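Engineer: In case you want the letters, here they are:
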Amino acid sequence: MVDVTLDVRLGEVFGLAGPNGAGKSTLIALLLGFLTPTSGSLRVAGYAPRAFVERFGVGYLSELVIIPPRWRLEEALTRYALLAGVEPSLVRSRVVELVDRLGLGEHWGKQIRQLSKGNLQRVGLAQALLHDERLLILDEPTHGLDPVWTQRFREIVGELRSTDRAIFIASHNLDELQRIADRVAIIDHGRVQRVVQTRGAARDATSTPYRLVLAGGSEQARDLLSGATEPSPNEFEIPPLSLDELNTLLQKLLERGVRIAAVTPVYSSLEQQFREAVDEADARQSGRERADL
Amino acid sequence: MPLAHRRARLSRYLWWQLHDFMLHQAPATIAIMAMFAYLTLAPILNGSMTDGRRYTVSTLPENVVRSFFGDSLGSFMLLATLFATNGIVATDRKTGYYRFYFAKPVSAPRFYANAFVANGLGVLLVALILLAAFAAIIRPIFPASLFPVIAAMYLAYGGVGFLLSTIWRFDWLSLVTVAVISSIGWGMWGEDPGIAGLLVHLLPPMHRASSLFAFVAGTTTHFPWGAQLWLSAYGATCFAIGLWILRARSLASQ
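Just so you know, the sequences run in chain order R and G.
If you're matching positions, the first sequence starts at 1 in my numbering and goes up one per residue.
If you're matching positions, the second sequence starts at 294 in my numbering and goes up one per residue.
Extracted from the complex, chain G is given alone in its bound form (with noise of 0.2 Å):
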């Protein structure tokens, strides 16, 4: 009898794959973000930050929601991407998790991919949870790019964390890493037309994120397409990248 050939419902587990994000960074993320609400909005109504002037939530002014739901944003996206592709390829490798899991008719690539997409997933249902209780707690605020842009940069940020948990076991670290040397990198020598500033390009463009969370946030008019792309196709790229270090490096240790 021939060997049949066939293939994993990679569709089916996406499910128990968004249920574990659902489960375990889910509410981390919001638990974090609930307090960096709260540190951010408490000075600003205590009076605190804005010379004796006291607010109540339905009193803030209209550019201080916006900015602070902007400023939320960009929050969040790096918190929730980097609990999204935490470990997200390292644990299996360093648990022996794995082993069941590729005795299977699946490819470790095919597999993480699926992780990928089904935790970015997890991140929209975390900012729809977020984005309902900024509207019953401050105010109703549904701009029609938000959801795109959270895809958007989940790919970019996202892309980034996968390529080094495909690398190596210290991703989360290595991710903050990244972030704070592209913002230093960028910040000193962005506009350097000699050797750093060609250098510079290979790192993330995370400083063009802001402009985006400014769109979505209402602050400004014009939406900025150079920084969509480029973060986009860096992050797509890093995601890529990883795949293929999933094909072609072993998956167990020597």
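Extracted from the complex, chain R is given alone in its bound form (with noise of 0.2 Å):
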């Protein structure tokens, strides 16, 4: 990592993305304490970042969830309480209220090699939830999960914001990160590439081509829209408009009779930015190695 200065707000869901290899998980291990910069500082509310886990904990799911197998669910869980500080007496109720809250009534007694990847994945989330966190730092959080997990974990990230909690989520899943963060920082090389609002954002319509998929009328159609491509039948693919031009055009199709059943973005404005930040970075990146060179 190099250079990195991120600002994430109390109250806020912060993601971030980035290629394979440009610095998540280092940049987590990092926000942690597990690893300490070769120069340079980091600050975790003002402390340093062992400082700060060991004065507050941290709520962490780790991109591989790691839990010795031969420990039972219950019996993981129950550690993990006690270090994370929950109130002996209260340990019992925290762990059948997560397990029940991630649907893992039916594996209670089962040893940690016993589950599947999607289970495994909804403890590692249990753990991370024991006490009442300030900090949340979730690494892939979908990963192994199910649909109908992976839109309860969405839920479940819903209810945890709070004006006095901060939610940090590192995933690939860019469409998801467009769905929960408000804002996501991308990352390649190392670097902090760009930071995009996600949520109350317009979208920026000239930056994305649209599908258009029609019931009917493809001949009208065709007329007007001579700078797309046909991926198949009835199925249009529109070069990047504005938002005032798409609406001309779609009011010019359906003036000719034509029957529209989807416009969709080809690409979120989320991933359309990731690629824009990629893109760039690799050409940065490929100017300085010429440039070493």
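The hints are simulated quantities; they were obtained by calculation from the structure and are not laboratory data.
All figures in this text were calculated on a predicted structure; none of them were measured in a lab.
For each residue, glycine too, the CB sits at the ideal point set by N, CA and C.
Keep in mind that the hints are not guaranteed to be accurate.
To be verified - Part of the chain G face toward chain R, derived, beta carbon under 8 Å:
no., residue
1, Leu296
2, Gly389
3, Ala396
4, Lys397
Said to hold, decoys possible - Just a sample of chain R residues kept apart from chain G, beta carbon distances all over 12 Å, derived:
no., residue
5, Leu145
6, Gln151
7, Gly158
8, Ser218
9, Gln220
10, Ser232
11, Ile260
12, Arg275
Using the hints, build the complex out of the two chains.
Structural biologist: Quick look at the structure:
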């Protein structure tokens, strides 16, 4: 990581996206104090990372959920609860509550090694939520979850959203970050390339092409869609347009009797920004390498 | 709302660490000590080491029993400590278990010091089980100095094992290597007045342990305070260096 400054605010769900090897896991290891920076310093709420974690704790879900395989599920959560500083008399009720919340009841007495990837991921999430942490760091939280639990995860993040909590989520899944994060930092080559506002920001219609699916009238539409490609019958991919241009085009199509079934952006705004950021970072990196030669 | 300072419940967690020791390391220690006892006593009982004179456990001479007790104690301490400190830190680093532990409000030195204490309690419990077995099978010997000496020797050997485990993952191999090298080193240069004699003082004084075990077994009457203090101080120093390394070094590898 080089020259990274991120300002994550309380009440915010902050996303971290980047290609493989971009430095996401390294940044998280630095935030938790598992690694120390080779130069410079890091501060979490004014504290050095280890000092922060050792004083207040962090709700952390690692990309790979690694728990001793012989531990039973409830045993694992009981142990982690004690380490999280949960009052001993409340440990059991807290564990039961989280097991219920994450649908793990049927696996209560099972050993960790008997759990599927998705269930293990849920155990990982449960241990991160054992204490009411003010900082949550979730690394690829939906990795291995089925669609039902991916949806449930989004709901849980919504429930956890609070004015005195910051939630930091690293994910490859841009669609997921687009849905749940307020802002997303895109990192590549160890640097923050840009920070994208994903919530409450107007979509920039010129930044993405659109996919238009028709229910009828393809012949009439073809004249108006001269610059579009046709990946399949009744489906057109329109080059990037402004919102006004897009709406004018749709109006003309409707006037010609074309029946429109769907209009969707080819890329979400985050995907588009991600592609641009990564392409720019690659170009800069190539430039640096050429300069070094 | 200001952040609330809190701490892990390590005194409660100690029971889980002790549970792990009793479940995994204790059975192996007991099994190997049973084998050691059988292999040591069988040649005495069947006469192959006593010029054809056979014994039963009840007719074993007192001096043989005491000597066997002292030897067993020496082997037990090395073995139990090896099992108790093997991978105590290195395994969590190697496997990645540390990630969930140390996202909680707990420092690595406190967590592993807790584990060291828990495993030490486990070693005492195993000693109690073996002592009961010794009393039931051979004859009762309950020297008052036994448990203080076991605790001191756990600190002495375990401190070295703990330090090695904080440094790298091949800790059991290193502990055995250190034990062998120190035995050879002290044997060859322990009395040397030159540089070699000075350098050998950096090695753990494991050769001094036999006098402690002999006192516990009752084969000598003079308590070797010097050996006890030297061994304990050496182990305590290694343990303290191990804690410092845990504080100073990154938990993850780059």
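Engineer: Checked against the structure, which of the hints given earlier come out wrong?
Structural biologist: Hints that this structure does not satisfy do not exist here, as all of them hold.
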